[in-house]
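S.K.: Residue strings, one per chain:
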Amino acid sequence: MYSETTIVTPDVLQQPLQEGQLVINVGPQHPATHGVLHLVITLEGETIIKIEPHLGYIHRSIEKMSESLTYRQFIYVTSRMDYLSAHINNLACAMCVEKGMQLEVPDRAQVIRIIMSELTRIASHELWIGAMAMDLGAFTPFFYTFRERETINDIMEQTCGARLTMNYMVPGGVMYDLHPEFVARVKSFVVQFKSKVSELEDLVTDNIIFRNRTVGVGVLSKADAISYGCTGPVARASGVDGDIRKRFPYSGYEKLQFEQCLDSAGDSFARYIVRIREMYQSIHIIEQLIDAIPEGEFQAKTKAVIKLPKGEFYTRVETARGELGVYIVSEGGTTPYRIKYRSPGFSNLSALNHMAKGSKIGDLMATMGTLDLVIPDIDR
Amino acid sequence: MEINHSASQNTEVFPGAVMDLPGGGVVTSSFQDLINWARSNSLWPLTFATSCCGIEMMSTASAKYDFSRFGFEVARATPRQADVIIIAGTIVNKMAPVLKRLYDQMADPKYVIAMGACAISGGPFFYNTYSVVKGADHIIPVDVYIPGCPPRPEALLHALITLQDKIKGGLTREQIREQSTNPSL
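Chains as they are written, first to last, in this note's numbering: chain R, 1211 to 1590; chain P, 266 to 450.
Since the hints were derived computationally from the structure, they do not count as laboratory data.
A virtual CB, placed ideally from N, CA and C, is assigned to each residue, including glycine.
Careful: at least some of the hints might be erroneous.
Below, a list of computed lysine-lysine pairs in the DSS-like style, where the Cα atoms sit at most 27 Å apart [said to hold, decoys possible]: (1) R:K1432 with R:K1309; (2) P:K399 with R:K1406; (3) P:K329 with R:K1397; (4) P:K329 with R:K1404.
Distance ranges between label pairs, derived from CB positions [as the list claims (entries may be wrong)]: (5) P:F279 with R:R1395: 43 to 49 Å; (6) P:Q370 with R:G1462: 36 to 42 Å; (7) P:E419 with R:S1431: 44 to 50 Å; (8) P:E338 with R:Q1283: 36 to 42 Å.
Full structure from sequences and hints, please.
M.R.: Encoded structure:
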C-alpha cells in the first residue's frame, strides 16, 4: 500500500564527526516540535554546532492535488495547510481566483473577511503562547490561553459551522451571511480579551524564569532576517517592517488604523512581545469594524463554473506566521495548471540553524518555539 | 455506531458483587475484571499529532473539555510509557515506518484510536495524492475510529469512553484475534 521508506540515519547525512562531537535526533515524534519535524543536531558537549531540519513527514502533496480540483474546490484543502490561520489561507486563495476573474468583492464581504482574519490571528497567537510556555516548562498559561481561544472557536462555529477548518471564504465573498448573534458575541469577546489578557501578561511576560530563558536567546539580526526570507512576527521582532497588511494592503486594510509591531532586539523575547502586541492591534482593528459592517451582499454573483483566463496570478497575505503567497498558473480551464504556495514557516525554519548555532541545547526549545512552526504548512 | 451497552452496564459500578455484612462488606470479583476496570480508568495517551486534529486534541486537554476527568490526564511524550496512541492527523509514506516503530515500542496492552478522516481513510487527501497513506489501519491495528475533519472534542471524548467500554468488556484486541484464529479456545 505504501512505498518502502527507510528512516534516515545520521551517519548517512552527516560529515564524519570529529572527536567529542555527538549527534542527536529531535523528532519526528517529539513534544516540542509541535508536529513531525525532524532535527538532526550536532553537538559538542552542550553547544550546538549544526542543526539540519528534515522535512516531509507530513508532505500531503497539496499542490499536486490542487491541480485536479476546480477553482472552488482547491480552497478547502488549504484550510488543512496552516490550520491555525485557516481563514487567512482561504482568503489568499479566494483573492487569487478573484484577481484572475477580475471580480469586485462587495464591501460587506471585505469587512467580514478582515474581522474573521483578525479573530483567527488572535486565536493562533493565543495557542502559540500556551504551547510555547509548555515547551519552556510552564503548564498554566496553556489553560488561560485556551479559555480565550475557545471563545473564538465558538464564534467561528456559529457563523462558519466549524471550529478549526472553517472553509468560509469563497471566490467573490464569503459563503454565508453572519450569524445574527455574531456582532454581540465578538463585542463580548473584545471585553473578555481586554480584561483577561493582563492575567496572561502577569503569568508570562514578567515571569523571571521566562525572561531568563528567552531574553538574548536565538538572536536574529535584521540583515539575516531579510537574507533568510523571514516574514511575519519573526522578521518584525528583528526590525524588518514587512507586514503585508501595510506594504501591500488587501481586502481593505488600507482604510484601517493599526500599527505595525516592530522590535529591534531580534531575540526570543522580542518575538513573544511582538505577538502579544499584535493581538492588541488585531483587537483594535476588530473594534474599528464591528460597528460598521456595511449592509448589502455578502457574496458577488459568480458563475457556477469558474474559469480563469490564461495567465499567471499571484497574491500575498499576512497570516499569523508571515507572508503566504499563492501563485496560480492557468491554461484557461476550470482547474489550475500549477499552484505554488509560498509558506511563511518554510523560510522561518531555514533561519533556525543560524539562530541556534553556538547556543546551548537547552535554549533550542525557546528559539524553535518562538518561530511558531506549523509543520503541515512547511511540508504542505 | 452502536456501543456495546452490555459491556458498559457492568462498568457503571464496580465490576463484582457486594455482599453486605454487619460492620462492612465483602466484594467478590474476578481478578481479570478488576484489572480491566483499573486499566480502563488510567489510560495514558502518547502525545502524537501530525496535523490539524492535534489542535482539537489540545482543546480536549484544555479546561473546557478536560479529558483528565476520564483518566487520560497523563499525556506521555515517550511511547514506552503510553497505553493509547491517538493518531491525530494524516499519515504519509515517510511517516508510516515511524508510526509503526512508535507502536512497536509501546508496552502491551496497547490501544489505538484513529482520529479524523485522514487517519481513517486518507480523508480529504484520498484522491489524486501520491504521498498519503489511505488509512492508518494499513500500518497498525486500530481500536476506535472517530470521523470528522477535524472531529469535535466531544467526539474524541466519546471515542475515549468507547475505548474504556471496550477494555472493560474484558478482551484485549490480541485476545480477540487469538480467539478468532484458535476456535478451540
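S.K.: Taking the hints in turn, state whether each one holds.
M.R.: Comparing the hints with the structure gives:
1. With a C-alpha separation of about 33 Å, the suggested pairing of R:K1432 with R:K1309 is violated against the 27 Å cut-off.
2. For the given pair, P:K399 sits about 43 Å from R:K1406 by alpha-carbon distance, which is inconsistent with the 27 Å threshold.
3. A threshold of 27 Å between alpha carbons decides the hint, and for P:K329 with R:K1397 the separation of about 21 Å falls inside it, so the pair holds.
4. Only pairs whose Cα atoms come within 27 Å are accepted, and P:K329 paired with R:K1404 is accepted, the gap being roughly 20 Å.
5. Evaluation of the 43 to 49 Å hint for P:F279 and R:R1395 yields a pass: the beta carbon distance comes to about 44 Å.
6. Distance hint check for P:Q370 and R:G1462: the Cβ-Cβ separation is about 52 Å, which falls outside the suggested range of 36 to 42 Å.
7. Checked against the given bound of 44 to 50 Å, the beta carbons of P:E419 and R:S1431, roughly 47 Å apart, stay inside it.
8. In this structure the hint that P:E338 and R:Q1283 lie 36 to 42 Å apart at CB holds, the actual value being about 41 Å.
Checked against the numbered hints above, the structure breaks hints 1, 2, 6 and satisfies the rest.
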